[in-house]
Amino acid sequence: MTLDLLEQRLADLTIATPDPGRITARVLSRSSMPRRLRFARVAAVVAATAIIALGVLYFVPAADAALADAPIAGGLLRDAGLVGAGDRVTAVGAVSTSFGYRLELVGAYADSSRTVLLLHSEPAIWLTSFDPELKDQFGRSYRMGSATGNALTGNLVLEFEPMAWPDAITGARITLHITSVAPVTCVGSSTVNPVCTNHRPVGGSWTLPATVGVDEGAALALPAPARLGPATYRFTSARATAATIAFDIEVVGLKANDLDRRIANGEKGIAVFTIDLLSPTGDIVDGSYTLSDNEQGVEVHFLGYRFTPGDYHVHISYLGSGELDQVLHVP
Amino acid sequence: MEVVLSSSELDSGVLTAEELCRRYAPSVCRFAAMMTRTSPDADDLAQDALLRAVRAIGSYDPTRGTPEAWLWRIVVNAARDSAHRGERARALLERLAFNSPRESESVETTVLANLRDDDLHAQLRLLRYRDRTLLALRYGAGLDTAEVGAAIGLSPESAGTAIRRALARLRSRLEVRQQ
Numbered sequence: 001m002t003l004d005l006l007e008q009r010l011a012d013l014t015i016a017t018p019d020p021g022r023i024t025a026r027v028l029s030r031s032s033m034p035r036r037l038r039f040a041r042v043a044a045v046v047a048a049t050a051i052i053a054l055g056v057l058y059f060v061p062a063a064d065a066a067l068a069d070a071p072i073a074g075g076l077l078r079d080a081g082l083v084g085a086g087d088r089v090t091a092v093g094a095v096s097t098s099f100g101y102r103l104e105l106v107g108a109y110a111d112s113s114r115t116v117l118l119l120h121s122e123p124a125i126w127l128t129s130f131d132p133e134l135k136d137q138f139g140r141s142y143r144m145g146s147a148t149g150n151a152l153t154g155n156l157v158l159e160f161e162p163m164a165w166p167d168a169i170t171g172a173r174i175t176l177h178i179t180s181v182a183p184v185t186c187v188g189s190s191t192v193n194p195v196c197t198n199h200r201p202v203g204g205s206w207t208l209p210a211t212v213g214v215d216e217g218a219a220l221a222l223p224a225p226a227r228l229g230p231a232t233y234r235f236t237s238a239r240a241t242a243a244t245i246a247f248d249i250e251v252v253g254l255k256a257n258d259l260d261r262r263i264a265n266g267e268k269g270i271a272v273f274t275i276d277l278l279s280p281t282g283d284i285v286d287g288s289y290t291l292s293d294n295e296q297g298v299e300v301h302f303l304g305y306r307f308t309p310g311d312y313h314v315h316i317s318y319l320g321s322g323e324l325d326q327v328l329h330v331p
Numbered sequence: 001m002e003v004v005l006s007s008s009e010l011d012s013g014v015l016t017a018e019e020l021c022r023r024y025a026p027s028v029c030r031f032a033a034m035m036t037r038t039s040p041d042a043d044d045l046a047q048d049a050l051l052r053a054v055r056a057i058g059s060y061d062p063t064r065g066t067p068e069a070w071l072w073r074i075v076v077n078a079a080r081d082s083a084h085r086g087e088r089a090r091a092l093l094e095r096l097a098f099n100s101p102r103e104s105e106s107v108e109t110t111v112l113a114n115l116r117d118d119d120l121h122a123q124l125r126l127l128r129y130r131d132r133t134l135l136a137l138r139y140g141a142g143l144d145t146a147e148v149g150a151a152i153g154l155s156p157e158s159a160g161t162a163i164r165r166a167l168a169r170l171r172s173r174l175e176v177r178q179q
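Line order of the protein sequences matches chains G and B.
The first sequence maps to residues 1 to 331 in the working numbering.
The second sequence maps to residues 1 to 179 in the working numbering.
Among the hints, erroneous ones may be present.
[Stated by the list, open to error] Below, a list of computed lysine to aspartate or glutamate pairs in the EDC-like style, where the Cα atoms sit at most 20 Å apart:
| hint | chain 1 | residue 1 | chain 2 | residue 2 |
| --- | --- | --- | --- | --- |
| 1 | G | K255 | B | D131 |
| 2 | G | K255 | B | E147 |
| 3 | G | K135 | G | E250 |
| 4 | G | K268 | G | D258 |
| 5 | G | K268 | B | D131 |
| 6 | G | K255 | G | D215 |
| 7 | G | K255 | G | E161 |
| 8 | G | K268 | G | D293 |
| 9 | G | K135 | G | D87 |
| 10 | G | K255 | B | E157 |
| 11 | G | K268 | B | E175 |
| 12 | G | K255 | G | D293 |
| 13 | G | K255 | G | E295 |
| 14 | G | K255 | G | D286 |
No lab work stands behind these hints: they were computed from the structure.
Generate coordinates for the entire structure from the input sequences, incorporating the hints supplied.
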């Protein structure tokens, strides 16, 4: 089959690609650090737990984890989606300065869905060029899922994967290590559209320790499976913490591509599938979801940020098939 | 952590994490570069996709398909998750009144043969997620239409049709831009 000119241009496209060697090195160095506890390592962890039971306080830091007596700035909590969990955020206050850049780990929050670190930098930095490393007291590394920053205030929110067992019981003694930061400067203000510029990364060493309790939250009663159009929607888990609601739905009868489809309308298109979480007052809860194909269909993982107890409605619509409303009761 | 492969294309009968990265990292990196808006995003996607594959290598079942199809399904899922995360992060960044400066765009080229690679790449990245995935798998990762279809759950014929439609939409975008 011959390629036409556009196809040939795409095939020959010269673009800056990640260095495969560097990516490989990073992948292989991390692949030995399991995201979840593996069955084969249960014996090792049991042994570690026995040692803990014998009184190695270092590995049982929960008692040291002080909840935030002094209030953490509302802006940081808001940026992190933790307004409803302010009293569950651990005040840290660890400071590390290197090459003139002062980073403060202001607070930390961990639950069964994520681990959130609240930082403040002076002067402001951005995250495009460094790869923060987060480890717990067992030396396990945790992958960063997202990072957001406010170049005007110097506030940063780093979100990592959840702490592995047994940190949920013992609490976690964590260490954030950063080796490079990218300074960012802005012209303007929050009210006048600011123009921000990233500068060349600066190497250094910032080590920020913290002790954080893990809010495991509570399992919620699962709604019954329901059918909508060509698919069956079945809740497989639902948990609520002080700050979040996380649930998983297995969709049988559709593929992720079906759920991701948009109907062209000359603009961004209309999403065929939507899923929203509505608070007890009827407002749409800020949140995000991911889709993954599996053997049966699609796994939908939703993480929403909650502020009050009550009945939360999971509202699902599939264009042409109607709508579905399920209730999660959050005590 | 090893898995026995059935593909005759693989000269070794066993794929280790190292071998998987050695064979597929270049094409995964190129796919990531075509799918994402910035180099750090491409780095993150390539690393995330390969890390998922390496961690799942024990679950690969040769009776259910080729290792390539297995790998590219993982890569496509990683890209989809990355796109969702990116949308959420961008929304938050907008709320925080901070975004990276946009690069200026050239308007000097008017015909495809003279189109700069940067501009073609920019237009490609403006396509909707599904079209970008199709073209990045086909022309970035170098998969044939059957392999593209296996990665995203389409028959080879449907994948071929979808790729042609994606190309047509890219062409339209380029034509509109030249006007």
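Evaluated hints:
1. Proximity of K255/G to D131/B is assessed by CA-CA distance (about 17 Å); at most 20 Å being required, the pair is judged to hold.
2. A C-alpha spacing of about 17 Å is found between K255/G and E147/B, which places the hinted pair at or below 20 Å, so the restraint holds.
3. Straight-line distance between C-alpha atoms of K135/G and E250/G comes to about 32 Å, which puts the hinted pair past the 20 Å bound.
4. At most 20 Å may separate the alpha-carbon atoms for a hinted pair to count; K268/G and D258/G meet this at roughly 17 Å.
5. Between the alpha carbons of K268/G and D131/B the distance comes to roughly 13 Å, so the proposed pair stays at or under 20 Å and holds.
6. The suggested pairing of K255/G with D215/G is violated, with an alpha-carbon distance near 33 Å, which exceeds 20 Å.
7. Annotation: proposed proximity of K255/G to E161/G is violated, straight-line Cα distance about 26 Å (limit 20 Å).
8. For the suggested pair K268/G and D293/G, the alpha carbons sit about 24 Å apart, so the restraint of at most 20 Å is broken.
9. For the suggested pair K135/G and D87/G, the alpha carbons sit about 24 Å apart, so the restraint of at most 20 Å is broken.
10. Restraint check for K255/G and E157/B: the C-alpha separation of about 18 Å stays at or below 20 Å, so the hint holds.
11. This hinted pair checks out: K268/G and E175/B have alpha carbons roughly 19 Å apart, not beyond 20 Å.
12. For the suggested pair K255/G and D293/G, the alpha carbons sit about 6 Å apart, so the restraint of at most 20 Å is met.
13. The hinted pair formed by K255/G and E295/G meets the criterion: a straight-line CA distance of about 10 Å does not exceed 20 Å.
14. Of the pairs offered as hints, the one joining K255/G and D286/G is violated, with about 25 Å between alpha carbons and a cut-off of 20 Å exceeded.
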